[in-house]
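Read left to right, the sequence shown gives residues 12 to 340 (this note's numbering).
Hints are computed from structural coordinates only; laboratory data are not their basis. No experiment lies behind these values; they were computed from the predicted model shown. It cannot be assumed that every hint is accurate.
What the hints assert, rightly or not - Only pairs whose alpha carbons sit at most 20 angstroms apart, straight line, appear in this in silico EDC-like list of lysine to aspartate or glutamate:
{"no.": "1", "residue 1": "K284", "residue 2": "E332"}
{"no.": "2", "residue 1": "K327", "residue 2": "E189"}
{"no.": "3", "residue 1": "K240", "residue 2": "D265"}
{"no.": "4", "residue 1": "K198", "residue 2": "D265"}
{"no.": "5", "residue 1": "K337", "residue 2": "D312"}
{"no.": "6", "residue 1": "K193", "residue 2": "D318"}
{"no.": "7", "residue 1": "K325", "residue 2": "E189"}
{"no.": "8", "residue 1": "K333", "residue 2": "E214"}
{"no.": "9", "residue 1": "K198", "residue 2": "E187"}
Said to hold, decoys possible - Computed spacing ranges between beta-carbons, pair by pair:
{"no.": "10", "residue 1": "T259", "residue 2": "K198", "range": "40 to 46 angstroms"}
{"no.": "11", "residue 1": "N209", "residue 2": "M281", "range": "18 to 24 angstroms"}
{"no.": "12", "residue 1": "S143", "residue 2": "S197", "range": "35 to 41 angstroms"}
{"no.": "13", "residue 1": "I29", "residue 2": "V144", "range": "23 to 29 angstroms"}
{"no.": "14", "residue 1": "V190", "residue 2": "L81", "range": "37 to 43 angstroms"}
Each residue gets a CB set at the ideal place from its N, CA and C atoms; glycine is no exception.
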Amino acid sequence: MQNCLLNFEWGIVIVQFIAAIVLFLIVNWFGKHAIVSYDYTSITIFTEKESAPAFNIIYRVVAPIIFFILYMALVQSLNFHRLSQNSYMIVVYYWVIRTIFRICTGRIKLTNLYAYFTYAIISVSLTYWIYSVTSEVKSILPDPHTLIDEIWILIILFIYNVFNKLSFPNNKVKNEEEVYIKSKYSKFKKKYNGIIQNNCHNEFYEAVTYSIMIYEDFNRPKIVRFFEKIHFCITKKSHTLGIMQVRTNKMIDDKTSIILAIKKIKKATMTHKNNVKEDECDSPYNAVNEIAGIYNCHNEDYQREIDHIFNIIKSKFNNIEKHYNKIKS
12 MQNCLLNFEW GIVIVQFIAA IVLFLIVNWF GKHAIVSYDY TSITIFTEKE SAPAFNIIYR
72 VVAPIIFFIL YMALVQSLNF HRLSQNSYMI VVYYWVIRTI FRICTGRIKL TNLYAYFTYA
132 IISVSLTYWI YSVTSEVKSI LPDPHTLIDE IWILIILFIY NVFNKLSFPN NKVKNEEEVY
192 IKSKYSKFKK KYNGIIQNNC HNEFYEAVTY SIMIYEDFNR PKIVRFFEKI HFCITKKSHT
252 LGIMQVRTNK MIDDKTSIIL AIKKIKKATM THKNNVKEDE CDSPYNAVNE IAGIYNCHNE
312 DYQREIDHIF NIIKSKFNNI EKHYNKIKS
């Protein structure tokens, strides 16, 4: 009997941990898609400032709590009351998963740790308080006769909208980005300098290659690329693989993706060169923008990101303009 109880308790932990994983995926998905309508600050290298601060703060703190409340309402309505036992741990697991993910992907370097852990502590504390208040209640679904007076809802919405119009500079984030980008450049230079130099033969190509590499690695870290390979092996369909995210019908490693990417970058550079009219003023920065566009289907956000990284690491090279002019001549 005791063993059965122990197994059931572990069953509760497993269910709640799975719920935390679902919460993590949902928060990321909604956060990403809220950019258009709510200006949610997504995970990106290129960040000048944090706009819509009210939404960002409330989303990070309250989203896990709302999920927890919905979980409680679901298990209570299905009469699975045992699954609500210590269910506040879902939010704890969520923040642990989120932290591990940031560490594994290197994004912890771009994280404001003070704000991050403040959000986590507030979120977990509020969840525990709500759990302590509602854990003995048969159903937490609202009674229409006891809902908060509409006037208070209007006041809260008004304060939220006023606060959300404020905008604050984020110089600290910008500095963290530069440190992150330069550290990634140093790391990749040590690891791939030989193969890049042997295939580029020009510092302009090298700078563009590193810029794209840093951005692609940020958005597709090693652990994600591992699962991409598994997905490719299963589906056998064309997929973007490797650190440079080159579309291919064959399994390739990071080094092969670099070689293929350099060929693509050179071809895009020649396309840009042919598109420039004789009376037009050209520069390596104009070229980078068009190369990035060709590399990733003329995605404006992508072009802006690559431009930003390129402008940070260009100081690592002797004379970008001189090397670009060699290509043009």
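Hint-by-hint comparison with the structure:
With a C-alpha separation of about 14 angstroms, the suggested pair K284 and E332 falls inside the 20 angstroms cut-off, and the hint holds. With a C-alpha separation of about 13 angstroms, the suggested pair K327 and E189 falls inside the 20 angstroms cut-off, and the hint holds. For the suggested pair K240 and D265, the alpha carbons sit about 11 angstroms apart, so the restraint of at most 20 angstroms is met. A distance of roughly 14 angstroms separates the Cα atoms of K198 and D265; the hinted pair therefore holds under the 20 angstroms criterion.
With a C-alpha separation of about 29 angstroms, the suggested pair K337 and D312 falls outside the 20 angstroms cut-off, and the hint is violated. A C-alpha spacing of about 14 angstroms is found between K193 and D318, which places the hinted pair at or below 20 angstroms, so the restraint holds. For the given pair, K325 sits about 12 angstroms from E189 by alpha-carbon distance, which is consistent with the 20 angstroms threshold. For the suggested pair K333 and E214, the alpha carbons sit about 9 angstroms apart, so the restraint of at most 20 angstroms is met.
For the hint pairing K198 with E187, the CA-to-CA distance comes to about 16 angstroms; that is within 20 angstroms, so the pair holds. About 24 angstroms separates the C-beta atoms of T259 and K198, a value inconsistent with the hinted range of 40 to 46 angstroms. At about 20 angstroms, the beta-carbon gap between N209 and M281 stays in the expected band of 18 to 24 angstroms. The hinted window of 35 to 41 angstroms between S143 and S197 is violated, with their beta carbons roughly 49 angstroms apart.
Separation of I29 from V144 is about 25 angstroms and conforms to the stated range, judged on CB atoms against 23 to 29 angstroms. Between V190 and L81 the beta carbons are some 39 angstroms apart, a value that agrees with the proposed interval 37 to 43 angstroms.
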